[in-house]
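The listed protein sequences derive, respectively, from chains A and B. Under the working numbering, the residue at position 104 of the first sequence is numbered 104, and the numbers go up by one with no gaps. Under the working numbering, the residue at position 131 of the second sequence is numbered 131, and the numbers go up by one with no gaps.
Certain hints may be false.
[Stated by the list, open to error] Quick list of the computed label-pair ranges, beta carbon to beta carbon: (1) B:Gly238 with A:Glu29: 26 to 32 angstroms; (2) A:Gln39 with B:Gly414: 54 to 60 angstroms; (3) A:Ser93 with B:Arg271: 35 to 41 angstroms; (4) A:Asn37 with B:Thr444: 52 to 58 angstroms.
[What the hints assert, rightly or not] No more than 30 angstroms apart at the CA atoms, straight line, and that leaves these computed lysine-lysine pairs for BS3-like: (5) B:Lys436 with B:Lys454; (6) B:Lys177 with A:Lys33; (7) A:Lys64 with B:Lys177; (8) B:Lys188 with A:Lys64; (9) A:Lys33 with B:Lys188; (10) A:Lys33 with B:Lys176; (11) B:Lys278 with B:Lys268.
Rather than coming from a laboratory, the hints here were simulated on the basis of the structure. Where is the CB? At the ideal position from N, CA and C, for every residue including glycine.
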Amino acid sequence: MASGMYRLVYYSRNHIAHNEATFGSHVEEILEKSRINNQRDEITGALLFNAGCFAQVLEGPLDKVEAAFERIQQDERHGDVSLLALDPIDRRSFPNWAMGFIGTSDIHAKRFAGIGLSSGFDPSRLSGDEIHALLRDLAIEEEAA
Amino acid sequence: MNVATPFPQITQAHPAGIPSAEQILELLPRPVLVVGSDGLVTYANTASMTSLAAVVGSEMHDLFPGCALNLATMTGAPSSLLVSRDSENFDAAIAALGAGQFLIDLRPSLHAQCADKPSGLDELTGLTKRNALLAYLSSALCTGPASSVAVHCLDLDRFKMINDTLGHAVGDLLLKKVADRLTAACHKDDIVARIGGDEFVVLQRHVEEEGAAETLASRIVDLIGRTYVIHGHTVNIGVSVGVAIGTNAVQARDLLRNGDLALYEAKKAGRGRYSMFKNGMDALLFARREMEIDLRRALALKQFKLNYQPFINVTSNRVDGFEALLRWEHPVKGNIPPLSFISLAEENGLIVKIGEWVMRTACVEAMSWPGEMIVAVNVSPLQFKADTLLDTVATALKRSGLPAHRLEIEITEGALLDDTDNVIQTLNSLRELGVKISMDDFGTGYSSLSYLQKFPFNKIKIDRSFVASDDADSEAILRSIAGLGASLGMAITAEGVETAEQLSRIRGERCTHVQGYLTGRPMGMDQIPAFLAQNDVE
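With the rest of the complex left out, here is chain A (with noise of 0.2 angstroms):
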């Protein structure tokens, strides 16, 4: 079915528990399942995530969009969600897929340092970026709270 373009932004809080270990697993559990369904369903985008909420953009046709936010939307591990922005693009400004941990967390900064160079996340790249300084700017205030 033809789709228009979307970009969609939300963020959540974190319902994982806390716990070193099972934030860790669970966290991983999440990145490599949408780095699958991402790729499949031509979604590119950022998830950004700390001990707090997630933070997250995709990218893709509306269908596909759509149809992640739905499955996102099922999971219980997250909850309060803001959808930010629900818009048509031209082209994506995450012409790839991104994830990585920002926040004020040393250990949690260490743990999850991995999974930002694994999967091309680039900090310095996105820096500009006006979503990217909303979700992160949302994204530290929420550890904090």
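Using the hints, position chain B against chain A.
Below, chain B without anything else, positioned relative to chain A:
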């Protein structure tokens, strides 16, 4: 239900302490009937009374409509499908007892649905439908302890609005997503059913663990309330959930009814939440239903009457008129105050008919008052919605012969909350008739000044709470509203004046009228001449 059975000895236990056959039959959780060849029931066990409302003397074709039963030919067959009045399916095994009597053993049927229709599933969502749900539920209640089963009755909030604004195609997709989310939230042994447009029921099993039902209900409220994205639209709905656990209600329909009662409570408490069934909810609803039945008759039986409370012009010290107050004289329960029945009347729409009666009666009765005395009549927001208000008022004036300027209509802010433009239009038409319009209970609701700007009310009535308390804050509010009214050219009534001290305070605050126990209690029509004579009006 007290029904005599042909086995009066059932309460006697067997000498050895083993229950008698009759006791076992009575305790059997599924219906057993004995039927004569003429189709008349000659024995009905307890389960058949509760699930089929079968009693001795019931007729088979009433219990199972559309079922042409030939008991003799069905005897010995493995089982036959019988569908009850409540569309519950039963597998019936029939045995001949001799002397033209037949034993019918009824088991709730799980699979009858498939034989009945090609698919027992809802076409749109793929969920179970009502009949199959009832069968599953009966079976769950029969096979396990009832306390291990819970039903969650769901009603989507704001679904109609989505359907109306975004169209049925989006509405249908939304229902599918709701169905998906429900299925995702439930255990695979649970049953999710769609029983109406936007009504769903979840049958939850294994709820023995404390709080298991509450956990699922709160998960449902969370998941269904999360934002949906459909065709590029962001869609937000909510869900109200009523939960009942099968502790005492052993019948499927009882359990669903309890769930519905709890759902009603959840909606009343503000929607977007769940509510657990509690004993007593049925009694409350029963009382409410009883009152509704009485209320429907009250008009025809002339149980309503109007009392009148005077309002006094503080400058002339004269009675300017009376506010009509509705009284319900119930033949058994005595006087029922309006607070106890108006909300019910608004809920079921009876308020429109009652309001018409009040308007007609007040206009007729006011005709007997001397001079230019005004009658003030309260109008419910619902009467504006009904779109007949203008007609009602015009007719009441014409039939009674009361000049329009002697009628004052009191509305509350509630009338202006929804569909403000239409309401203002009606108010303008009423004003063109010559009727006065006043704003009642000002200060307790939104007290929106924009309403005062949108329509030139003749009068503002300040709520009694600002009159009753003599603290500096209340006094300041009273003074400000009175000042505001005076500047806008509106009369101001202070309500609930009970003491001379309050009255003297109000005189200093630019109020034009007072109403309260001090200046006159509500009185019957027949007391008005004496009251006026005493107040030396004319």
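Hints, verified against the model:
no. : hint                                      : verdict
1   : B:Gly238 with A:Glu29: 26 to 32 angstroms : holds, 30 angstroms
2   : A:Gln39 with B:Gly414: 54 to 60 angstroms : holds, 56 angstroms
3   : A:Ser93 with B:Arg271: 35 to 41 angstroms : holds, 39 angstroms
4   : A:Asn37 with B:Thr444: 52 to 58 angstroms : holds, 54 angstroms
5   : B:Lys436 with B:Lys454                    : holds, 16 angstroms
6   : B:Lys177 with A:Lys33                     : holds, 21 angstroms
7   : A:Lys64 with B:Lys177                     : holds, 15 angstroms
8   : B:Lys188 with A:Lys64                     : holds, 27 angstroms
9   : A:Lys33 with B:Lys188                     : holds, 22 angstroms
10  : A:Lys33 with B:Lys176                     : holds, 24 angstroms
11  : B:Lys278 with B:Lys268                    : holds, 15 angstroms
The structure is consistent with each of the numbered hints, conforming to all of them.
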